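Two chains, two frames, a set of hints: combine them into the complex.
Chains as they are written, first to last, in this note's numbering: chain A, 1 to 225; chain B, 1 to 223.
Among the hints, erroneous ones may be present.
[Claimed, not checked] Calculated cross-link-like contacts (lysine-lysine; reagent style DSS-like; alpha-carbon spacing at most 30 Å):
| # | chain 1 | residue 1 | chain 2 | residue 2 |
| --- | --- | --- | --- | --- |
| 1 | B | Lys134 | A | Lys82 |
| 2 | B | Lys87 | A | Lys87 |
| 3 | A | Lys44 | B | Lys134 |
It is worth saying that the hints were derived from the structure and are not from the lab.
Source: prediction; values computed, not measured.
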Amino acid sequence: MAKSMTLLWGAGSPPCWRVMITLEEKKLQGYKHKLLSFEKEDHKSQEVLQINPRGQLPAFKHGDDIINESVGACLYLENQFKSQGNKLIPDSPPQQALMYQRMMEGLTLTEKLNLVVFYDLYAPEGERHESAVKRNKDNLVAELQRWEGYLENVAAGSYLAGAFSLADVVAFPNIAYAFRYGLSVGRYPKLAKYYSLLKDRPSIKTTWPPQWYQIAQRSEILKDL
Amino acid sequence: MAKDMTLMWGAGSPPCWRVMIALEEKNLQGYNSKQLSFEKGEHKSKDVMAINPRGQLPAFKHGNIVLNESYGICLYLEDQFKSQGTKLTPDNKAENALMLQRMFEGLTLFDAMKQVLFYTRFVPENERHDSAQKRNAENLKSEVGRWESYLQGSGPYLAGKTFSLADVIVFPVIAFLFRFGLSEEHYPKLAAYHNTLKDRPSIKSTWPPNWVDTPGQPALKDL
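Isolated chain B (complex conformation) (with noise of 0.2 Å):
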């Protein structure tokens, strides 16, 4: 199964390590795993073109089977191997309610997360504005408030008890903010969501080679 499996990644990348951190969960060790650099482009290259004709990672395919957003790949893996690894949808309603909302507004957090700290990489020079970077760290700043109090409630995971999807699809944004410095004492209730999964061994064997032994940078310090 895992053998007919093919991803290509980059490290560090969020949509990448949603993936890996499914593939582990699902019990699908011994994929054909593909680590390419996003500095020498190799997103670009021919090879992951002819999976990605967008020129984007994550890149996956099972067999014939081509799937490369990385939403859609942990929704496949776990619709298609419901019966082994963990169960990463809960049963429970409400559970599964939270965890679908908490998914998809991932998306706006990675989003506002992309537009602080990837700013200078999408806006050309001349395009650039000090309002418009003020109003982008605001509008993190508002939605790393946002999901803060959403631990707040019952937790310890993002659908309430059970780990679940929507921890897979956003905790690599959270390490992603950690990483680029966001204060462990502003923001305690991510602080200990972080620190409590990433010993979780999907999370741990998946971590992103380049950040172990090397220090993160302080971007978000003062966020």
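So here's chain A without its partners, still in its complex pose (with noise of 0.2 Å):
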């Protein structure tokens, strides 16, 4: 099953980390992959235009089908292999309600997390303003502090949705590469609990970033938020 499985991936890629993780918790171990490098413009290479037409990483492939498309893979992943490893959606309405509202949630923490930690890449020289720079921090502190009250009773076993899910194989790779660029862990104590909580889940702990991209340049970006 995994031996039919190809993934591209970029080191600390959020979108590539969550697909990892979903292999694992669905004990797909085995499959096929390749580590590329956003800094030679790798993702823009043959290798993964055959695979993903927009240059763009994850590229994964399960014999003929091909899913790019990182929420798109894990789902994916979860409703064909619904029968082993552990089970990421869950059943009960009240929960498997929260557990998409949170997982799609985790995409509008993802751009605004990039907006902040990205913006020269968003917006070219000659384009750039600090209104802007201050308007994308200010928003991202918002969005913060709505997922610090997500996360008020964060505890083992006790994540986004309950049970360890979707959302968390989302949001999870953002929260950590945060901290990464230098989110406070002081300022945003339940996160950081979080993340302290899930960094030794072995899904997670196996597949983590080798390397960060540019992390000496941008390792406290986040740090005065």
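Printed below as a string of structure tokens:
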């Protein structure tokens, strides 16, 4: 099963990490994978374009089926391999609804983080404004405070929607990268607790990014938030 | 079942419209439907904030369950009401995979569209640049071209032979593009898709009320 799967990925990319966590959770170790470099523009190579014409990572194939959208790939793996590994979508209506809500909100969190951490990649020189930088920071602070609230009662086994689920698969990588880029543990204690509870989960520990994108230049970027 | 559901929505909004289509497809007519006005700022009203603290639409309740993310609502409805209405997730593995791929690519299409059509809403005056607007337009053109090519393959739906969540999610965005002047000559496959689906009962009965019998806008006619 896993042998007919291929994942092209980049280190420190939350979308790639989500897929890798899901593969571990569903006991699909043994998939073919290749680490590519964003810095060297590998994601625009023929090898990637053949699977993902958008030239983006992750690029994921299972037999002839291609799903390059990370949340799509995670949903696919959970649905195709329901009976193996950990259950990542709760059945009970209230938990399931909460899971889908937080899972999709995870994409909002991703976007707001990216707008601050990678502002220079979104706005070319000549189009950058202090007013935009400030607004993006304020939006991110409001968003992070929202997630602090979501994790009010975080404890072992009690994550974004109860037991570990696709909501955590989607959101945890972004929270990990927020701390990597300098987010204050003191100002975001619930997020920090969530992070420390999950960082040693086998599926997460095994797939921990070997490096982070331009970490030297960006490691303090969130420290004042 | 549907009587325990409440949907607050705004006319024309793709995220709202996709939920309405899903409710029809799953035979959940009879839900409490509350149309609100974005123009009047009603999405920031206390009623909405009580369900969705983000002050955004759609805002959806099923009994005590709250779900405000449109993709989440569609996935939830399909899962919870599997045995009624239209089956929106194909069993066929290849179609299922393609459905999920297109569903989530739908976010990219919607975003590219918003960057062009809502540029002045999102970007304060002192931060606007012709270079950005030009780039956004090129990006949208290339994105729409991508979707035109997606419909060259086996169809007639986005995931292949069967109508699925991919269509529920993405059709409202494609309809929005045509409402804002997208050219049928430039994009014949998208136009055919649009023209076929606009008569589907779930889509026809939820067509934005403010679009009926009124002309659209030409913003995208040269794309």
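Which numbered hints turn out to be false for this structure? Result: hint 1 breaks, nothing else.
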